[in-house]
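Same order as they appear, the protein sequences are chains H, F, B, P, A, R, S and D. For the first sequence, counting from 1, position 61 maps to 61 in the working numbering; every step adds exactly one. For the second sequence, counting from 1, position 13 maps to 162 in the working numbering; every step adds exactly one. For the third sequence, counting from 1, position 38 maps to 336 in the working numbering; every step adds exactly one. For the fourth sequence, counting from 1, position 141 maps to 588 in the working numbering; every step adds exactly one. For the fifth sequence, counting from 1, position 13 maps to 609 in the working numbering; every step adds exactly one. For the sixth sequence, counting from 1, position 106 maps to 851 in the working numbering; every step adds exactly one. For the seventh sequence, counting from 1, position 22 maps to 916 in the working numbering; every step adds exactly one. For the eighth sequence, counting from 1, position 73 maps to 1116 in the working numbering; every step adds exactly one.
Among the clues, some could well be false.
With a Cα cut of at most 35 Å, we get these calculated DSBU-like pairs of lysine-lysine [as the list claims (entries may be wrong)]: (1) Lys982(S) <-> Lys684(A); (2) Lys153(F) <-> Lys302(B); (3) Lys682(A) <-> Lys650(A); (4) Lys1097(D) <-> Lys1129(D); (5) Lys650(A) <-> Lys1097(D); (6) Lys833(R) <-> Lys54(H); (7) Lys352(B) <-> Lys386(B); (8) Lys682(A) <-> Lys980(S); (9) Lys1129(D) <-> Lys684(A).
Think of the hints as simulated: they come from the structure by calculation, not from any bench.
Here's the letter readout for the chains.
Number of protein chains: 8
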Amino acid sequence: MTLKVYLSGEIHTSWREEIMAGAEGLDVTFDAPVTDHAASDDCGVAILGPEQSKFWHDHKGAKLNAIRTRTAIGAADVVVVRFGDKYKQWNAAFDAGYASALGKALIVLHGPDHSHALKEVDAAALAVAEEPRQVVEILRYVLTGRLPG
Amino acid sequence: MTLKVYLSGEIHTSWREEIMAGAEGLDVTFDAPVTDHAASDDCGVAILGPEQSKFWHDHKGAKLNAIRTRTAIGAADVVVVRFGDKYKQWNAAFDAGYASALGKALIVLHGPDHSHALKEVDAAALAVAEEPRQVVEILRYVLTGRLPG
Amino acid sequence: MTLKVYLSGEIHTSWREEIMAGAEGLDVTFDAPVTDHAASDDCGVAILGPEQSKFWHDHKGAKLNAIRTRTAIGAADVVVVRFGDKYKQWNAAFDAGYASALGKALIVLHGPDHSHALKEVDAAALAVAEEPRQVVEILRYVLTGRLPG
Amino acid sequence: MTLKVYLSGEIHTSWREEIMAGAEGLDVTFDAPVTDHAASDDCGVAILGPEQSKFWHDHKGAKLNAIRTRTAIGAADVVVVRFGDKYKQWNAAFDAGYASALGKALIVLHGPDHSHALKEVDAAALAVAEEPRQVVEILRYVLTGRLPG
Amino acid sequence: MTLKVYLSGEIHTSWREEIMAGAEGLDVTFDAPVTDHAASDDCGVAILGPEQSKFWHDHKGAKLNAIRTRTAIGAADVVVVRFGDKYKQWNAAFDAGYASALGKALIVLHGPDHSHALKEVDAAALAVAEEPRQVVEILRYVLTGRLPG
Amino acid sequence: MTLKVYLSGEIHTSWREEIMAGAEGLDVTFDAPVTDHAASDDCGVAILGPEQSKFWHDHKGAKLNAIRTRTAIGAADVVVVRFGDKYKQWNAAFDAGYASALGKALIVLHGPDHSHALKEVDAAALAVAEEPRQVVEILRYVLTGRLPG
Amino acid sequence: MTLKVYLSGEIHTSWREEIMAGAEGLDVTFDAPVTDHAASDDCGVAILGPEQSKFWHDHKGAKLNAIRTRTAIGAADVVVVRFGDKYKQWNAAFDAGYASALGKALIVLHGPDHSHALKEVDAAALAVAEEPRQVVEILRYVLTGRLPG
Amino acid sequence: MTLKVYLSGEIHTSWREEIMAGAEGLDVTFDAPVTDHAASDDCGVAILGPEQSKFWHDHKGAKLNAIRTRTAIGAADVVVVRFGDKYKQWNAAFDAGYASALGKALIVLHGPDHSHALKEVDAAALAVAEEPRQVVEILRYVLTGRLPG
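Excised from the complex, chain H in its bound form (with noise of 0.2 Å):
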């Protein structure tokens, strides 16, 4: 059994770093949106040229990233999502929505004190966990069997 994981949500810290690390060694491949804040916010205008409204600009960028988002997550067979402290964090909620209406197993990944603003996303999940160590393990056990400790 081989799993296709995307990794969706927070991009400001290491998360998914922890995540791929810890699953050296598992038949696992991972996928991800562009990690780097700026080119995200402006790869729109970079390469398709200047708008001078804000919306557009933010627009144009959106819809490149999601030539990457949605194909990834089409593939996927798991979809891990991050909710970080900051931010609306609205992209990872939309995609967390978009991953559910296609059948993927999602996993979210939050903090306690985000338990009641994302009960509707929880209650759509496969696992709700706190840190990215649970997500690993519960790859490991879904590929191997094996539990951890």
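Start from chain H and add chains F, B, P, A, R, S and D according to the hints.
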């Protein structure tokens, strides 16, 4: 032509009523989530029995609400998602992603200050409006071809 | 909002009647399998001719019943599956899996003593109820937003 | 031609090993659920933290297991579901219904004493076998056209 | 419960009329191909202009008829396919395959002399009947639970 | 049998009115894009606010129109696409491709001088007509089996 | 570009071998049903045990063969269906309908004497060929753009 | 991450070669229609025999080409559609609509003079580029996160 419209998102202002009143006479039907905040939060335990843990209290309620929201979004032609000024509103963004993956016509409704944070959601939409009145005008135009003014 | 509800599973108690009576006045329609046990067992040979082998006797009947059950589950918004105290009831669990793969809103109805054996079925459900009354309350809440009491 | 086969159901006898050994040399890959009963029961709390209620203990585990089973059934060409002599085995029947709704080729494996209780499941199958050896012979025939003996 | 039934296949006997007459009073609607053989053969050139080649004469007609047959099969719950004694009737078998891939409930109607030649078609069906009367009885049973006699 | 027909393409002649008048008395409903050229071009900015760039002016309008066209094509049984003598009409060809991928019955309507340029579109159609009258005759034949004359 | 081609239909001449030999060097893989007529007829009882009734003897075999044919058609890009001079060949027409409903590229291969009887099947095809050599030429053209001669 | 890209549309300039050369070293594979204009026009009659009518000559060729184009679009993650300065190019717009309905990531490539005529096509795209170089930059950004310059 008839349109089935689902009104998702913010439940603290009267935007739904404004849209429904404005659309009177058009060949359109509206659905919405349960907008009684207390009922929506407690429905799970009120019907299926109490939980000691707040997480499962929320979880049972969120799932009951999902019976309504997923059925209604699945049946809708157009999904309008409103983002207000307060709270995380991750369920609204989740609904937008869910509707988008199902290929529903998406209309996003929010103030200009949220444009950057909502750029991924807006990029998936067929219209981004700021006022409920504009949603009414969209529905009227789509159904009758008549423009405002 | 209208709901089409399919009532699958146990056919030896009056739970369907209780739900239908309780839901009177709500905008809901109900379907169910043929609940006349003898007719359900013998319909294949009664209509299409006798079989010497019990296996094919059963097989012809099960397929005729599938015309009804698969059509009705396919058309339903909500599928309620009731597990009673007796028999293997594998057809009920089969219906639950079938409904789940189609993305139907699943409500499972069973006593607490079956919780461990039904954990995989419950994990796919949006509600796990113990009493027909609770199913009525769910339907009322989903359709009207009103809670019991 | 290559076949991806998922072996669902009973985990207390060596039927999976018999099939995999018998199919050696054929162009077939096998997946299965976690068959370590204790790990399968406790995986949720072992990874995601303890629960006071047995229901949620089971629930968290069943959902983690669903990450594996749904992904594997979704990827399979053929789903074999084995019903043994003991327990309710509702998860096996659930998998059969789930696979059937996805249009997977379904093979059911059980003793003749279960035929009446499994008639709805058998009616959805492309083969009903009694012995693991027969499943091997089916796979060999489907892949190579060669019959036993 | 309502059933939409499509009556495909042989157009030289009155089997459709027998079924429709027998089903009077049941909550069922019937569709069928154009059964006027000459109109069905010549519709393409009669409407869209003559062809010198017989192949394209037939081709234009077959495509016009497909507007009706594919739309009706797509909308049906149950597809009945009747094989008679004469002609190749490949369009009937084509319709059966088409309906089967769409997951429609398939009922095949033919005499016992065709059983071997139709074994692949029958294997995809939920019922194999010999007489139109039996189709009526199936529809009555599926809709009302009542058996004949 | 009822048909839902979407009339896509050229908006400068009265072909839609001819078809609708000719089809009077048939069990058919028609939808169409907004055919008021000025309204169709300016709807985006008229409702959602002005744009400095012509590109985004057009873009906002095209997306509003897509709410209507995609919903209507998605609901249609038959999509008629008319190509006239002037303009690029790429939206007409886009609609034809969109309808074709959804499996809709496609009727293309154009003069013989466009046959070579439209050969890929015609190849996806179930009928290629030159006159609105022929579309009426097709609808009448499909619905009633009656041929002209 | 790689093509997966399924070769359905007539099993009494060497047309499959001709196509496979002619396509040597092209980036194409072939699948086919079991073409050993006796094995194909008897596989059900040979593996799953004897039947007294010829109908169920055939039925069990047809279902085993369906494991192979439906899996292979589902995985194919192109389905070639060959109709020969003898027998009813309803399974070939069934496969054509099945493939057509799944949106597979369909190539029909038959002599001109069958054109009228196969007009509905041909109308669903992207090519109608008379000789295996033409199918090879189609595959070469589709894969490489090179025409014969 | 790997991308499968289909390059549809204009066949008279070297834009495909520019993109493929520019994308060297990226994890991307390209498909395209047959770009030999004469072969593409005559393939039908060259392989399947001559036609007296130009319409059917074109028709047979367009269908053979559809075997390639529909298979390749169906397998693609990204579809790039290029509109040039000459000809009607309705097949390009058809491909764009087809790809859009399948949910493919659509990139449209055309000069600014075509913006108004292509507004409906652009509205369905995730990027609108003017130069092949920009498409290369999009692919590099999507695959690696690196921006030009």
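Hint-by-hint comparison with the structure:
1. Lys982(S) <-> Lys684(A): Holds. Lys982(S) to Lys684(A) sits at ~6 Å (cutoff 35 Å).
2. Lys153(F) <-> Lys302(B): 17 Å, holds
3. Lys682(A) <-> Lys650(A): 22 Å, holds
4. Lys1097(D) <-> Lys1129(D): 22 Å, holds
5. Lys650(A) <-> Lys1097(D): Holds, at about 16 Å.
6. Lys833(R) <-> Lys54(H): 32 Å, holds
7. Lys352(B) <-> Lys386(B): OK: Lys352(B) and Lys386(B) at ~18 Å, within 35 Å.
8. Lys682(A) <-> Lys980(S): OK: Lys682(A) and Lys980(S) at ~15 Å, within 35 Å.
9. Lys1129(D) <-> Lys684(A): 49 Å, violated
Comparing the model with each earlier hint shows a violation of hint 9 alone; every other hint is respected.
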